[in-house]
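S.K.: Chain residues, written in single-letter form:
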Amino acid sequence: MEQPHGPQQQRPPSSPPVPPAAGGPAAAAADAPHAAPRAPRRLSRRRLLKLGGLVAAAGGLGLYRCGLYDERLLPPGLRVLGRREAAIAAAVIETVLPPEPPPSPERVRTLLAAIDAYLLGLPAEQVEQLRWLLLGVEHGTFWFGARLERFTRLGARGRTDVLTGWQRSRLGLARAGLRGLVALVFLAHYRDAPAFAAIGYGGPLAPGFAGPPASAARYARLLAPPEREPGW
Amino acid sequence: MIYTAEHVRRDRVLQADLCVIGSGAGGAPVAWEAARHGLRVVVLEAGSYLEPRHFTQIEYDMVQRLYHDGAARTTADRAIHVLQGKGVGGSTLHNLNLCKRLPEEIAAQWFADHGLAPLQGGTLPALFAELEQLLGVSELGPAQANANNRVLERGCRALGWRGGWLRHNRRGCVGAGFCELGCPFDAKQNALKVFIAEAVEAGALVLADTWAERLEHDRRRVRAVEAAVRDPRTGAVRHRVRIEARAVCAAASATGTPALLLRSAVPDPYRLVGSRLFLHPGTAVAGIFAEPIHGWRGIPQSYECTEWLDLGPQSTRRVWIVPSFAHPAGAAATLGAFGAEHARLMRDYAHMAALSPMVHDLVPGRVRPRGRFGVAIEYRLDPSDAAQLRLGLVAAARLLFAAGARRVLVPASPALELAREDEIEPVLGALSLRPHTLDLTSVHPMSGCWMGDDPARACCEATGRYHHLDNLWVADTSLFPGSLGVPPQLTTYALGLHVGRCLLAALG
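As they're listed, the protein sequences go chains A and B. The working numbering numbers the first residue of the first sequence as 9 and each following residue consecutively. The working numbering numbers the first residue of the second sequence as 164 and each following residue consecutively.
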């Protein structure tokens, strides 16, 4: 298995010489004229354990930062948002809605489902931008709120601080992004009587009104019968 | 008849005399004029066919159906929302019915810069008079004013500023106040009701949910329009439709028309198409009053302040101010607050009045296609236009305080609150107007494929015919050579009717 190695020996003869590595004792030693070829180090048990520990720690950190989402607030049948995005959106909803009374899990699920349905009709590019925005909220907690934990793991106060960081950011796009999220949440929120009542809004003047009968008949006549296909 | 995505079950080829792309204030009169004179007309409309019974008066339901991109369309830098309507009837389904004629100063400027002989003399006044009759335009007065409009009227009176009642196209209005979500009471005399319905009754064929994708041409004439029938809920393409017509009229808006022409690589030797786009950028300023305003009730815009609007050349007053009350989701989005701060601001919702300063912008942006169906709008607020916006913010705040507001909110990030009138100048004077500082919105995109006699300086003739293709016509706000300074609805209808008649004469 052992074979002589080193950059000079592995290069084909026509290759230009590799310039010496800049700085570093290891680089200097490798290029020293009298350096003897070294045998590769064997992976000792101790090193193996260290490496395993490091991999496990990195995996744990990765899982902590990017996995293990609480899915209790997620409604079934989401068509646009993935589970992780939906969990982040749920945390955003909880933070954006008025805190008193705190939104119930059922309310958050209802709003999530409404937002998901709304996104279904948006151009794919905008939905993609929203996905990145949600990931930015989730993992940008240090930059926007001086927090080490991701957004979904923060308490209410921490989440508010992070979104405030977005709102007051010097980055115009961050402010615009936060505005977009806020708009989406309130579009889904202000569509029923309890939400209307909380701000003294009257809501629809005549809910379910089917239009003046005379004009309804005229509009119905304009529409082709269901079985008919377009043509002359 | 009107057909929706449900009616189209396979790819189709249709032959017609005229294909009109877009059914709003520009395209509808063209279709009407052609259909009632016996031409076979196909109208393509990207939005759905919505009847009064579909208008639920709920923002969540209607915004998606009435506005392109679910009202999330913005300029490329995300700094300005660009609200553009869709649906059979176009933006006239959701607009606020304002009917102002093309101002004489603007017309004079257009004629001086671009000739436009067929529109000079008595042509435009005659078109306006005819349309005002057709659309049932009448002036509103104090009896129809809601509390939000009375705030503006009171502010103007207190400051001695110029203002007046607006003219609208409504009949049988009950003052529900849901105009921007579609009128369930069918009081709007919109393009669907006045023109498309009659065109259909005269034999026109309307394809809703159908997006014109490309014009097939041989660099001399357009041979066909390639279009896609899309699922109105998901946007998925279901079928393709090809319309082979003797003439094509693009009326897909000031962004949609140039994007379609560019996507189709029409001859454009001077690279003009899409290179000019005005937006009338505006924002909202809210005042909190002691008495209830209930701004959501009644006709949203019946009074205007024109003290800061002078449309002459070299004008230093280019701001038009109107009431701009929004329903809860719109108001919350404009204020931009969340959590406890949102709750605090919205506690005063019933006591809130809002005014909107809108800038007659002089420095254009540009528009180009994005993907198969989208548009990319590149527009940066020029410093001179930003200065006008600041002028408008200050004026709106002064009007609100003069009318008795206890405090004034400006939709910055976060919202600014002014408790006294003497805070206006220092706070708003110091406010940065760089992109994303204020919540800015455009509801009047204009130009993009403008008219003028010289093919080296304009895209279309004064008749609406595109300079470089024999049978392509344009009939929407694209035709405006510049910003209008006032709401464009009536001028768009007038140009649509004018183009329709020129087209009819050309087709024989």
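For the record, the hints were derived by calculation from the structure and aren't laboratory data. Just to be clear, a hint being listed does not mean it is correct.
[Said to hold, decoys possible] Examples of chain B residues toward chain A, derived with CB under 8 Å:
(1) Pro215
(2) Thr219
(3) Gln227
(4) Cys336
(5) Ala339
(6) Ala360
(7) Pro491
(8) Ala506
(9) Arg553
(10) Leu554
No residue lacks a Cβ here, since even glycine has one placed at the ideal position from N, Cα and C.
S.K.: If you test the structure against every hint from before, which numbers come out violated?
M.R.: As far as the earlier hints go, 4, 9 and 10 are violated by this structure, in ascending order.
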